[in-house]
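Residues 0 to 209 in numbering that gives the first Met the number 0 are what the sequence shown lists, from first letter to last.
Because the hints were derived from the structure by calculation, they are not lab data.
It cannot be assumed that every hint is accurate.
Unchecked claim - Derived pair list, reagent style PhoX-like, types lysine-lysine, alpha-carbon separation capped at 25 angstroms:
#1 Lys46 - Lys27
#2 Lys166 - Lys96
#3 Lys173 - Lys163
#4 Lys34 - Lys96
#5 Lys40 - Lys96
#6 Lys46 - Lys72
#7 Lys40 - Lys116
Claimed, not checked - Label-pair distances were calculated between CB atoms; the ranges are:
#8 Lys116 - Gly47: 17 to 27 angstroms
#9 Asp91 - Thr44: 35 to 45 angstroms
#10 Tyr192 - Pro117: 25 to 35 angstroms
#11 Tyr149 - Ala73: 19 to 29 angstroms
#12 Asn1 - Ser130: 38 to 48 angstroms
#13 Lys116 - Phe61: 20 to 30 angstroms
#14 Leu100 - Val2: 18 to 28 angstroms
#15 Lys96 - Thr44: 19 to 29 angstroms
#16 Thr114 - Lys27: 17 to 27 angstroms
#17 Pro147 - Val31: 18 to 28 angstroms
#18 Val65 - Phe184: 43 to 53 angstroms
#19 Tyr192 - Thr114: 40 to 50 angstroms
#20 Ser118 - Asp10: 39 to 49 angstroms
#21 Asn1 - Ala48: 32 to 42 angstroms
Bear in mind the structure is a predicted one, so any value in this text is a computation, not a measurement.
Where a beta carbon is used, it is the ideal one built from N, C-alpha and C, also for glycine.
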Amino acid sequence: MNVQSFIKSYDFDGVLFEVWTTSFPQGKDWYVVRKLGNATKSLRTGKGAAVTASLMFMAANFTTSVALWDDLKAYQPWMYMDDSHAIFDSLDVDFEKQITLDWTQDVVTRLMNYTMKPSRLSLGIIPEALSRTKPSDIYRHLVDLGAPTYGNGHFEDYYNNTQKQIKEKRDLEKKLGLRGLSFIFPSFDLPSYNTSSLIIAAAQVRKLSI
Numbered sequence: 000m001n002v003q004s005f006i007k008s009y010d011f012d013g014v015l016f017e018v019w020t021t022s023f024p025q026g027k028d029w030y031v032v033r034k035l036g037n038a039t040k041s042l043r044t045g046k047g048a049a050v051t052a053s054l055m056f057m058a059a060n061f062t063t064s065v066a067l068w069d070d071l072k073a074y075q076p077w078m079y080m081d082d083s084h085a086i087f088d089s090l091d092v093d094f095e096k097q098i099t100l101d102w103t104q105d106v107v108t109r110l111m112n113y114t115m116k117p118s119r120l121s122l123g124i125i126p127e128a129l130s131r132t133k134p135s136d137i138y139r140h141l142v143d144l145g146a147p148t149y150g151n152g153h154f155e156d157y158y159n160n161t162q163k164q165i166k167e168k169r170d171l172e173k174k175l176g177l178r179g180l181s182f183i184f185p186s187f188d189l190p191s192y193n194t195s196s197l198i199i200a201a202a203q204v205r206k207l208s209i
């Protein structure tokens, strides 16, 4: 079964290309990403609408991942996609810094300077906690252990987004006219009926992807 038949058979309306896990495309590899985006947008859903192509990449460290940022600037893969998701969950960014509004603004500003249209950019959130001394954990488990759901995002040796950081990102999304917030692995969050969940904190965002 080819991709077009698969999309129609399962009534899909888009394809998401995840290039945020190792190994990242490098150099001319990005030409392949471009071609995938163009090819995807030439497909049609079962209702005859154009299939959307989405790109997901890591908001990595500006210095230690300079090659990635140079490639993004040079190849601008988002120009061949309908929308993009920058994931704020990099292991080479200081964990305390990574959850801050300043870091989010720095990444968005850089991408906008690279010709990224704000209306096509979503901020990607993984509801997990990172530590340099312990294995990574998930938000709902940390809350069970007593982590604050609205605070500075530091609990024991872990750093994680709380509702405070999510609301800050929500406000930034509105201010800059971004596409929205995207939640990857939503099962890491508290259940949707729990008012302390991160998704609940983002619920007032103009557009929310899960």
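Has the given pair, Lys46 with Lys72, been kept, meaning a C-alpha gap of at most 25 angstroms? violated, 36 angstroms
CB-CB spacing for Val2 and Leu100 relative to the 18 to 28 angstroms hint: With a Cβ separation near 39 angstroms, Leu100 and Val2 fall outside 18 to 28 angstroms, so the hint is violated.
Is Lys46 close enough to Lys27, meaning Cα to Cα at most 25 angstroms? Violated, at about 35 angstroms.
Given pair status - Lys96, Lys40, alpha carbons within 25 angstroms: violated, 36 angstroms
Quick check: does the Cβ-Cβ distance between Tyr149 and Ala73 fall within 19 to 29 angstroms? violated, 41 angstroms
Would you mind confirming whether the straight-line C-alpha gap from Lys173 to Lys163 stays at or under 25 angstroms? holds, 16 angstroms
Is the Cα-Cα distance between Lys34 and Lys96 25 angstroms or less? violated, 35 angstroms
Do the Cβ positions of Tyr192 and Pro117 conform to the proposed distance bound of 25 to 35 angstroms? holds, 32 angstroms
For the range 17 to 27 angstroms, tell me whether the beta carbons of Thr114 and Lys27 fit it or not. Cβ of Thr114 to Cβ of Lys27: about 20 angstroms, so the range 17 to 27 angstroms holds.
Within 17 to 27 angstroms: is that where the Cβ-Cβ distance between Lys116 and Gly47 falls? With Cβ atoms ~26 angstroms apart, the hint holds.
Okay, Ser118 versus Asp10 on CB: inside 39 to 49 angstroms? Violated, since Ser118 and Asp10 (Cβ atoms, about 26 angstroms apart) do not stay within the stated range.
Go ahead and decide if the range 19 to 29 angstroms is satisfied by the Cβ distance of Lys96 to Thr44. Violated - the Cβ-Cβ distance for Lys96 and Thr44, about 41 angstroms, lies outside 19 to 29 angstroms.
Consistency note: the structure conflicts with the earlier hints numbered 1, 4, 5, 6, 11, 14, 15, 17, 18, 20, 21.
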